[in-house]
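**Student:** Sequence:
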Amino acid sequence: LLNLRRKLAEILGHRDFADYILEDRMAKKGEIACEFVDDLTRETKPYWIRDIAHLR
Numbered sequence: 001l002l003n004l005r006r007k008l009a010e011i012l013g014h015r016d017f018a019d020y021i022l023e024d025r026m027a028k029k030g031e032i033a034c035e036f037v038d039d040l041t042r043e044t045k046p047y048w049i050r051d052i053a054h055l056r
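The opening residue of the sequence shown carries number 1 in full-length UniProt numbering; numbering runs sequentially from there.
Don't take every hint at face value.
Stated by the list, open to error - Calculated lysine-lysine pairs in the BS3-like style (CA-CA distance at most 27 Å, straight line):
| id | residue 1 | residue 2 |
| --- | --- | --- |
| 1 | K28 | K45 |
| 2 | K28 | K7 |
| 3 | K7 | K29 |
Derived from the structure by calculation, the hints contain no laboratory data.
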C-alpha cells in the first residue's frame, strides 16, 4: 500500500504522498505543515513547561 501511494504521488507530480494529500488542504506541502508544527511548538513551549511544572 505504501509503495502504491508513493507511486501515485510521483505519477501525479508530487514529491511524496504527504504532499499529494496536503495539496487540497490548507498546508499544501508537507514542509509547510512541518514548519507550522515547529512554529506552534516554539510559541507554546513556555506555556506547556509552566503547566508541567504546575502539575508536579
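**Student:** Now look at each hint and say whether the structure bears it out.
**Tutor:** For each hint, the structure was consulted:
{"no.": "1", "hint": "K28 <-> K45", "in the structure": "holds (25 Å)"}
{"no.": "2", "hint": "K28 <-> K7", "in the structure": "holds (19 Å)"}
{"no.": "3", "hint": "K7 <-> K29", "in the structure": "holds (17 Å)"}
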